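Chains as they are written, first to last, in this note's numbering: chain A, 1 to 189; chain B, 1 to 629; chain C, 1 to 102.
Keep in mind the hints are simulated off the structure, nothing from the lab. Each hint should be verified, as a subset may be incorrect.
[Claimed, not checked] Only some residues are given here: those of chain C computed to face chain A with a beta carbon under 7 Å:
id, residue
1, 19
2, 53
3, 77
[Stated by the list, open to error] To give an idea of the interface, some chain A residues facing chain C are shown, with a C-beta separation under 10 Å as derived from the structure:
id, residue
4, 18
5, 35
6, 36
7, 45
8, 46
9, 59
10, 65
11, 84
12, 138
13, 164
14, 165
Note that the structure is predicted; figures quoted are calculated from it, not measured. For each residue, glycine too, the CB sits at the ideal point set by N, CA and C.
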Amino acid sequence: MSTLVVASSAGNVLVWIVWIVAGFSCLAAGVAVISFSNPFYSALALIGNLASLAVMYLLLSAEFVAAAQVLVYAGAVVVMFLFVIAYVGPRHETPWSGGPSWQTVAAVAAAGALLVEIVVAIGLEAGGSLSHSGKVGAAFGSPAWIGRVFLVDHLLAFEITSIVLLVAAVGGVILGTHTRRLQGEEVVN
Amino acid sequence: MTGGAWLCLLAPLGGTIVITLLGTRISRLAAAWIATTTVFVAFGGAVWAFVDMQSRQVGSRSEITTAWTWLQSGNFKVGLELLVDPLSAVMMLIVSGVGGLIVLYSIGYMDGDEEERRYFAYISFFVFSMLLLVEGGNLLMLLIGWGLVGLSSYLLIGFWHDRPSAVQAAKKAFVMNALGDATMALAFFILIAHTNSLSFATDFNAHLSGTAANFVALGLLGGAVAKSAQIPLQTWLPDAMEGPTPVSALIHAATMVTAGVYLIARTHPLFEQARTIELLAAGTGALTLLVAGLIALVQTDIKKVIAYSTMSQIGYMFLGAGVGAYSSGMFHLLTHAFFKALLFMTAGLAIHAIAGEQDIRKLRGIGRLMPFTKWCFLAGALALVGIPPFSGFFSKDPIISSAAALGTWYGWIFWVCGVAGAFLTGLYTFRLWFLVFPGEPSPFVREHYHDHHGREGAWTMLVPVGILAVLATFAGWLQWTPHWDPFTKWLEPVAPTLAAAVPTTTQEYYTSAAAVVAGLVGIGVAWAVYSRRTIAIPAAPFWRRLFENKFYFDWLYDRIFYRPAAATATFLLRDFEDPVILQAGPDLGEATIETGGLVRRLQTGLLRTYVLFVAAGAAAVVLAFLIAK
Amino acid sequence: MLGPGVAWYVAVAAVLFGIGALGVLIRRNTLVVLLSLELMLNAGNLALIAFSRHFHNGAGQIFALAVMAIAASEVCVGLGLVVALNRRRLSLDVDRLSELRG
Numbered sequence: 001m002s003t004l005v006v007a008s009s010a011g012n013v014l015v016w017i018v019w020i021v022a023g024f025s026c027l028a029a030g031v032a033v034i035s036f037s038n039p040f041y042s043a044l045a046l047i048g049n050l051a052s053l054a055v056m057y058l059l060l061s062a063e064f065v066a067a068a069q070v071l072v073y074a075g076a077v078v079v080m081f082l083f084v085i086a087y088v089g090p091r092h093e094t095p096w097s098g099g100p101s102w103q104t105v106a107a108v109a110a111a112g113a114l115l116v117e118i119v120v121a122i123g124l125e126a127g128g129s130l131s132h133s134g135k136v137g138a139a140f141g142s143p144a145w146i147g148r149v150f151l152v153d154h155l156l157a158f159e160i161t162s163i164v165l166l167v168a169a170v171g172g173v174i175l176g177t178h179t180r181r182l183q184g185e186e187v188v189n
Numbered sequence: 001m002t003g004g005a006w007l008c009l010l011a012p013l014g015g016t017i018v019i020t021l022l023g024t025r026i027s028r029l030a031a032a033w034i035a036t037t038t039v040f041v042a043f044g045g046a047v048w049a050f051v052d053m054q055s056r057q058v059g060s061r062s063e064i065t066t067a068w069t070w071l072q073s074g075n076f077k078v079g080l081e082l083l084v085d086p087l088s089a090v091m092m093l094i095v096s097g098v099g100g101l102i103v104l105y106s107i108g109y110m111d112g113d114e115e116e117r118r119y120f121a122y123i124s125f126f127v128f129s130m131l132l133l134v135e136g137g138n139l140l141m142l143l144i145g146w147g148l149v150g151l152s153s154y155l156l157i158g159f160w161h162d163r164p165s166a167v168q169a170a171k172k173a174f175v176m177n178a179l180g181d182a183t184m185a186l187a188f189f190i191l192i193a194h195t196n197s198l199s200f201a202t203d204f205n206a207h208l209s210g211t212a213a214n215f216v217a218l219g220l221l222g223g224a225v226a227k228s229a230q231i232p233l234q235t236w237l238p239d240a241m242e243g244p245t246p247v248s249a250l251i252h253a254a255t256m257v258t259a260g261v262y263l264i265a266r267t268h269p270l271f272e273q274a275r276t277i278e279l280l281a282a283g284t285g286a287l288t289l290l291v292a293g294l295i296a297l298v299q300t301d302i303k304k305v306i307a308y309s310t311m312s313q314i315g316y317m318f319l320g321a322g323v324g325a326y327s328s329g330m331f332h333l334l335t336h337a338f339f340k341a342l343l344f345m346t347a348g349l350a351i352h353a354i355a356g357e358q359d360i361r362k363l364r365g366i367g368r369l370m371p372f373t374k375w376c377f378l379a380g381a382l383a384l385v386g387i388p389p390f391s392g393f394f395s396k397d398p399i400i401s402s403a404a405a406l407g408t409w410y411g412w413i414f415w416v417c418g419v420a421g422a423f424l425t426g427l428y429t430f431r432l433w434f435l436v437f438p439g440e441p442s443p444f445v446r447e448h449y450h451d452h453h454g455r456e457g458a459w460t461m462l463v464p465v466g467i468l469a470v471l472a473t474f475a476g477w478l479q480w481t482p483h484w485d486p487f488t489k490w491l492e493p494v495a496p497t498l499a500a501a502v503p504t505t506t507q508e509y510y511t512s513a514a515a516v517v518a519g520l521v522g523i524g525v526a527w528a529v530y531s532r533r534t535i536a537i538p539a540a541p542f543w544r545r546l547f548e549n550k551f552y553f554d555w556l557y558d559r560i561f562y563r564p565a566a567a568t569a570t571f572l573l574r575d576f577e578d579p580v581i582l583q584a585g586p587d588l589g590e591a592t593i594e595t596g597g598l599v600r601r602l603q604t605g606l607l608r609t610y611v612l613f614v615a616a617g618a619a620a621v622v623l624a625f626l627i628a629k
Numbered sequence: 001m002l003g004p005g006v007a008w009y010v011a012v013a014a015v016l017f018g019i020g021a022l023g024v025l026i027r028r029n030t031l032v033v034l035l036s037l038e039l040m041l042n043a044g045n046l047a048l049i050a051f052s053r054h055f056h057n058g059a060g061q062i063f064a065l066a067v068m069a070i071a072a073s074e075v076c077v078g079l080g081l082v083v084a085l086n087r088r089r090l091s092l093d094v095d096r097l098s099e100l101r102g
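Build the full structure now, drawing on both the sequences and the hints.
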């Protein structure tokens, strides 16, 4: 952690504090998402998570992405979630129960393994080269810059993304339409 | 000469193939005549070869003819060879000649049997096999013929396969023959190891070490003893009487059982290198001729008496060949083929005419109703006992006198056995004669006798019997050793009599006298006991039991061999086959199902589980990459 | 760069990813599963942005935007499924939807 030692000016300290707060709230909100028994609260916790992520994006000079995050994710996706949760109605469920006995333990183990591996991978492989990131220009991360990169360097990705969105919209509509009720349909709970 | 040999060999084989292929498309009679014709054609071929051989010089009468090289392995080479020489010519004539007569006889005997075609196919096949045995140009061909006659014997003994006793007898014959085959094969292996060849010339001229020679001779003797039903492998022959009478006549009197004697004569150079074993063969013959004669005294089945008589006479042949008088043994083989086949066939005439009855206690006085049969049987019986001028006299006595010629202690023992055997022969043969043929016919006979259109049998049965009766009476005049011996001279290039076994004229005379007297005494005793009934049959329960139980050989073999084998088989079936092998299938199935059940528990149907597997898999892959780096 | 190095951001992303994975594997409510899925996607986004910052490569941010679009579409379809399930009065318990059971 040579960066800690190298830069310890006042601005740096502020950035550190912001980062710690944002990081902590991000992770806490994540834990909250998976822990609440009421899905409505889980969705609300997700908003917190998304907001802290947006802050972290800002710290990483990705302003446009941060804005998009708040607008698209927090503004549209989570709202959709809240609508559906409200429509579906209250369901309470104990988060950690059910399924085969080995499921819980195995799940924790798998998730933990993934986590550790990622850390190890990053730490071992790229530890050296990740220690120092250079300065970036002011234009980095700005909307104009993003637009140029998107439409010039990665035009194909742009077009395909738009097609995917179209397909998803169509799919969502189809799934959501009323279908004729079939004969003898039972209630399965 | 070789053309005759090939014709002789292949004609019966052709007969078999034709009968088999045509199957039910030809009538039963046609099949019978095809078989008979082919065997007579074979006889023609044998005569051709014989005549041609006669016209040649003495030294050039041996010829080997090769069809093609059959086996080749490194230096070891075996060809499909036939050997035509004086010894094989004699055997060819006997086999095809007597065989032809017997096959002709079968036409009448087997008439009416549903499976006649199968019979004639088998019997042609037998003739072919026997000819292959005697014509074989190397030891391997001989062994092939050896095995094939064993097979034919099995097929024909068990011909009436719905009779369990016949099937048992066939199996018993085959298994005991197989024992002999095994010892012969071992002997051949030793020969190959020492000489790298199975050809007669190489093997007979090889000098084997003492132990090797002994083992080879012992192995050959084992085969001969099994095939010729000598002690200790004699128990199959009486049981083989389950087969049809012509089969008994051909296979178990005239030809197959004499193959052992032929073997000793053919491989005599090997036996001479192991003189002890050769004398052992003679001893076996001597022992068998006595034991068989004793057992024949208490037999009640007409065919069994004749079977034991065969066993006894082959004992004589073994005795002759064993002491070194090969031509005497072969001459007795020749005359025995005639009179033994005759005896079987006349017995067959009686059996055929009296509803298949074979028990001599019921068959009394047949002679009144069947005079032709009676006289032919008498001719055969006198030949068997060795009364001059019938043929047995000329052939049996030289054997006994060869034993005397040896001069050793065992030679004298053999001589005594031979003379005692002559007494026993007279006794049991004429016991049979007096019980069955002369006198008033018994009520049973009167009731069941039926003639064949006014005659005693079909002409196909009567003609061969007649021919054999003539041969049994006169064929012996071919050779009378003190005075003329063309037969011995004929065999001299191939099987010369050992010097130690050539009897002097004096020995010949007093032996003949002793044997003839013994035979006549036997006939006299039989007449007194069974015809005149002046002497009662002695009670002697111990001896009677011993003879009736055939000296307990069957009992012993049952205890030693059959029961342990059967017990082992049952044990294996119950404790190994059923629980382990048969259960393995279901067990495997169950194990698979259980494993499947275990794996099935992974298919929980829960989405979460599947995602878990994805995550775990991803973790594993990343781990692998990390380690690889 | 001011503040913590890129490695820290990536570490946070990793932990967030683990939390999201845990949520997918543990929770039985479909909606919560979808929410956890969002967490994982966001963790990926964070890592992308961090690396983009470090390597001065715009592609990372573009990719993050694309991911966002995809996530939105996926949520759209997923919620459509939930609505359809609810309309047919089927349970939303992931464990009940087990016709794939062997």
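Consistency of the hints with the structure:
Among the interface hints, the one on residue 19 (chain C) holds; its C-beta lies about 4 Å from the nearest C-beta in chain A, closer than the 7 Å criterion. Because the beta carbon of residue 53 (chain C) sits about 4 Å from the nearest beta carbon in chain A, less than 7 Å, this interface hint is met. The closest approach between the C-beta of residue 77 (chain C) and any C-beta of chain A is roughly 5 Å, which is under the 7 Å cut-off, so the hint is satisfied. For residue 18 (chain A), the interface hint holds, the least distance from its beta-carbon to any beta-carbon of chain C being 8 Å, beneath 10 Å.
Given the 10 Å rule on beta carbons, the hint for residue 35 (chain A) holds: about 9 Å separates it from the nearest Cβ of chain C. Evaluation of the residue 36 (chain A) hint against chain C yields a held restraint, the C-beta minimum of about 8 Å falling below 10 Å. A least Cβ separation of about 8 Å between residue 45 (chain A) and chain C falls short of the 10 Å threshold, and the interface hint therefore holds. Look at residue 46 (chain A): its Cβ gets to within about 5 Å of chain C, closer than 10 Å, so that hint holds up.
The interface hint given for residue 59 (chain A) holds, since its Cβ lies 6 Å from the closest Cβ of chain C, which is under the 10 Å cut-off. Hint status for residue 65 (chain A): holds, given a least beta-carbon distance of 5 Å to chain C, under 10 Å. For residue 84 (chain A), the shortest C-beta to C-beta distance to chain C is roughly 5 Å, which falls under 10 Å, so the interface hint holds. The beta carbon of residue 138 (chain A) comes no nearer than 13 Å to any beta carbon in chain C, farther than 10 Å, and the hint placing it at the interface is violated.
Because the closest C-beta pair between residue 164 (chain A) and chain C is about 6 Å apart, less than 10 Å, the hint holds. Nearest Cβ of chain C to the Cβ of residue 165 (chain A): about 6 Å, under the 10 Å cut. The hint holds.
This entry does not satisfy hint 12, going by the numbered hints stated previously; all others are met.
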